[in-house]
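J.: Sequence:
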Amino acid sequence: MKNLIIRLLANAVALAIASWIVSGITLQGATTGKRVLTLLIVAAIFGIVNAIVKPVVKVLSFPLLILTLGLLTFVINAVMLLLTSWITGKLDVQFHVNGFWSALFGALIISVVGMIINAVLPEKAEIH
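Residue numbers for the sequence shown follow my numbering, beginning at 89 and rising by one.
Take these hints with a grain of salt, some might be off.
[Said to hold, decoys possible] Derived pair list, reagent style DSS-like, types lysine-lysine, alpha-carbon separation capped at 30 Å:
# : residue 1 : residue 2
1 : K178      : K122
2 : K90       : K122
3 : K146      : K122
4 : K90       : K142
5 : K146      : K178
6 : K90       : K146
7 : K122      : K142
Quick caveat, the hints were computed from the structure, so don't treat them as lab data.
Being a predicted model, the structure only gives us computed values, none of them experimental.
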């Protein structure tokens, strides 16, 4: 349970940084509290998408992952971010990713922040 909360908070921080840096990723809320709640909801959805959809996509694209020496992973991460944006739109959560390039840069930032967080957290709290 503790590990799940740490992952949720780490994803929320990574998404917040991505929305702050990438102009095509928007996170809205009237107050800071509402933005934090929105971030936690988006982080939960992003975590579920990464836990369920991403492994299936990686298995199906395995030959292309090998062919591109793993660079396709960035595209897969961008698609997961776009899927998260689509789901949050359907749930009326105020988070939006505007296009593939914003998703790609956002996914890159989220990956880097995740690696930094993994470096400072204990091994059992690994973030993806």
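J.: Please go over all the hints and tell whether each is borne out by the structure.
T.: Hint-by-hint comparison with the structure:
With a CA separation close to 18 Å, the supplied pair K178 and K122 stays within the 30 Å bound. Straight-line distance between C-alpha atoms of K90 and K122 comes to about 23 Å, which keeps the hinted pair within the 30 Å bound. Restraint check for K146 and K122: not satisfied, since their Cα atoms lie roughly 34 Å apart, outside the 30 Å limit. Note on K90 and K142: the hinted pairing holds, with a Cα-Cα distance of about 23 Å set against a maximum of 30 Å.
At most 30 Å may separate the alpha-carbon atoms for a hinted pair to count; K146 and K178 meet this at roughly 25 Å. With a C-alpha separation of about 27 Å, the suggested pair K90 and K146 falls inside the 30 Å cut-off, and the hint holds. For the hint linking K122 to K142, the alpha-carbon distance of about 28 Å falls within 30 Å, and the restraint holds.
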